[in-house]
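Residue strings, one per chain:
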Amino acid sequence: MNAIEVQDLRKAFKIQKNREGLKGAFADLFKRQYQEVIAVKDITFAIPQGEICGYIGENGAGKSTTIKMLTGILVPTSGHLKVGGYVPYEERERFVQNIGVVFGQRSQLWWDIGVIESFQLLRKVYRVPEQDFKKRLDELVERLKLQDLLNRPVRKLSLGQRMRCELVAALLHNPSILFLDEPTIGLDIMVKSEIRDFLKDMNREHGTTILLTTHDLQDIEALCSRVIMLDDGRIIYDGGLEELKQRWGTGREVLFQFGRATKLETLRQWTEGLAVTWSAENELNAKVWIPLELNVSDVLGRVVGQADITDIKIIETNTDEIVRSIYQSGSANKPEEAAGSFMAETTEAPHV
Amino acid sequence: MSKRLSFTPSSPRPPRPEGRNSRHSGKRLLLGAYLDFIRIRFLTMLAYRINYYTGILIYTLNIGVNYFTWKAIYGEGDSLGGFTAVQMTTYVAVSWMARAFYFNNLDREISTDIRDGSIAIQFIRPYNYVFAKMMQGLGEGMFRFLLFMIPGMAIAMLLFPVQLPTAPSAWAGFLVMLVFSFLINSQINVITGLSAFFIENNEGVMRMKRVIVDLFSGLIVPISLFPGWLSKVLEVLPFQAITYLPGSVFTGRVQGVGIWNVLGIQVFWFAALIIPMILLYRAARQRLFVQGG
Chain A
0 MNAIEVQDLR KAFKIQKNRE GLKGAFADLF KRQYQEVIAV KDITFAIPQG EICGYIGENG
60 AGKSTTIKML TGILVPTSGH LKVGGYVPYE ERERFVQNIG VVFGQRSQLW WDIGVIESFQ
120 LLRKVYRVPE QDFKKRLDEL VERLKLQDLL NRPVRKLSLG QRMRCELVAA LLHNPSILFL
180 DEPTIGLDIM VKSEIRDFLK DMNREHGTTI LLTTHDLQDI EALCSRVIML DDGRIIYDGG
240 LEELKQRWGT GREVLFQFGR ATKLETLRQW TEGLAVTWSA ENELNAKVWI PLELNVSDVL
300 GRVVGQADIT DIKIIETNTD EIVRSIYQSG SANKPEEAAG SFMAETTEAP HV
Chain B
0 MSKRLSFTPS SPRPPRPEGR NSRHSGKRLL LGAYLDFIRI RFLTMLAYRI NYYTGILIYT
60 LNIGVNYFTW KAIYGEGDSL GGFTAVQMTT YVAVSWMARA FYFNNLDREI STDIRDGSIA
120 IQFIRPYNYV FAKMMQGLGE GMFRFLLFMI PGMAIAMLLF PVQLPTAPSA WAGFLVMLVF
180 SFLINSQINV ITGLSAFFIE NNEGVMRMKR VIVDLFSGLI VPISLFPGWL SKVLEVLPFQ
240 AITYLPGSVF TGRVQGVGIW NVLGIQVFWF AALIIPMILL YRAARQRLFV QGG
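The listed protein sequences derive, respectively, from chains A and B.
Just so we're aligned: 47 in numbering that gives the first Met the number 0 is position 48 of the first sequence, and the numbers increase by one with no gaps anywhere.
Just so we're aligned: 94 in numbering that gives the first Met the number 0 is position 95 of the second sequence, and the numbers increase by one with no gaps anywhere.
Heads up, a few of these hints could be off.
Below are the DSBU-like pairs computed for lysine-lysine, each with C-alpha atoms no more than 30 Å apart in a straight line [unchecked claim]: (1) 22(A) - 40(A); (2) 244(A) - 144(A); (3) 155(A) - 199(A); (4) 155(A) - 144(A); (5) 191(A) - 13(A); (6) 81(A) - 26(B); (7) 244(A) - 199(A); (8) 16(A) - 208(B); (9) 208(B) - 30(A); (10) 133(A) - 26(B); (11) 134(A) - 191(A); (12) 208(B) - 13(A); (13) 133(A) - 144(A); (14) 40(A) - 244(A); (15) 208(B) - 70(B); (16) 70(B) - 134(A); (17) 144(A) - 199(A); (18) 40(A) - 30(A).
Keep in mind that the hints were calculated from the coordinates and are not lab data.
The structure displayed is predicted, hence computed values, not measured ones.
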């Protein structure tokens, strides 16, 4: 069963164009010129219940616009959309009972009142029965260690404390789908990992479906089994994280530490005939880059027998680099395979 | 509930009880939430009450300026546009003090929500945004009534020859009409605020609204003193229902059955203004554009 179904979803905004100069400003007074910007261009995807899906893309790629359509805030220009069995913008008030939303950059707590008072107010807003609320609050407060914060006004909380409270606020009514728009933005590593652990547990225990946008790829690696990558309003990749790494990882790097000084030329001699590249910082440390076609063991076999090795480290290409290179090429298909479609994309109307 | 297909009972979470009973208590809870909006706004205002001490001073000054101006205009004459000098003093004091109660910044709050994008947070909650805002306005109104209007009125009575009515009907009529003044003024504010959805910068609209409400409601000059054609126009606009009509009741210029008539005009405008509010809110939902990502 799909928690989220999206088909040919599109959102276009009309933006006022300001003409240049005094003459332009004067002309604007009488006749406004508008420019249509298409933020989301006919995207299609489905997220099954209980999945944690990462929704990534550069600034302005259309992530937030999609989230806002999925949560019923924005009305799509065209396309179909079903979240938790509802069409969000049609039955907004009923639909939102079933979802939780955290915007990393906006607070949903009331600034001037105590945290617990905000929670009480949300209990009434979401019509949660007292006993359910108590149980849920106790659980969340214990899990996120908020006991000492409950009576403080929101404006006196640190960002990390506030973020944990925001999570509670979004979850008090026990939603089955959770939307997180950059939930870890600006947080320190401790809080980040605390929040990631919490989200993972919640997904496992309650089967909560989570859709998360982030710029922090560590969030993705820690949480998501699937990623949807967006560029200029279009989906350029939709699939598993492992698959993405395999498809895009161009090779591995092996770091050697030697007990005795070992010259670069010697190393090159040992691996002659293999398409590897050596580099060295000094005589005791060397790096070798091995393309995917070669087995790491072949290279190691040549070196291990002859050199005095104290340490070996194998480094996989990380997601950061993969994502960066995908954006540079503009498509998640490998460049050579995707040459055709890539061309097609560039000949389309320029980005307005 | 047939629409909730994807949440089959096999889901690990127990489905929300949907019995008649729980739906009933759900409604009560939401009502509780709206009442909480009133309460919380009241408490927040109370926390910032120092701001209102200066407010009392400013309103008293305004009454003073108007009082002395009118005194100069009256000179030796005893009646102007159907107002005696004493009635005019009372009218000025009561109008300003009514404003101390019904005035609020809902227009500014709404357009700020729209312009900085925090409206997004409002739309992920299962309540009606405009209704919630009206409730907050009511909380503010209650605060202003108790801690601004009443003490302000006491001070004005000490300083100026204000004559309070003796007829209980004038008092009752005035208090009920004051509630409608608040409602109509808030409705106009909401409509002005929602215009931010359509006009990128509605600062000018808000300023214009403020001047129009103050002038056309009869706060600065009673409507019967406007030139004939203009007062005819103003009689078919909602603004007179905010200040002029309740003021007329309180100063005793409208009595008996007349009170019911002017109350009817207020009720009419209250009902009529709901329509543009709903239309504007609907249209706004269609073209909502959340600023700042």
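- [ ] Provide an ascending list of the numbers of those earlier hints which the structure does not satisfy.
- [x] 1, 2, 5 and 16
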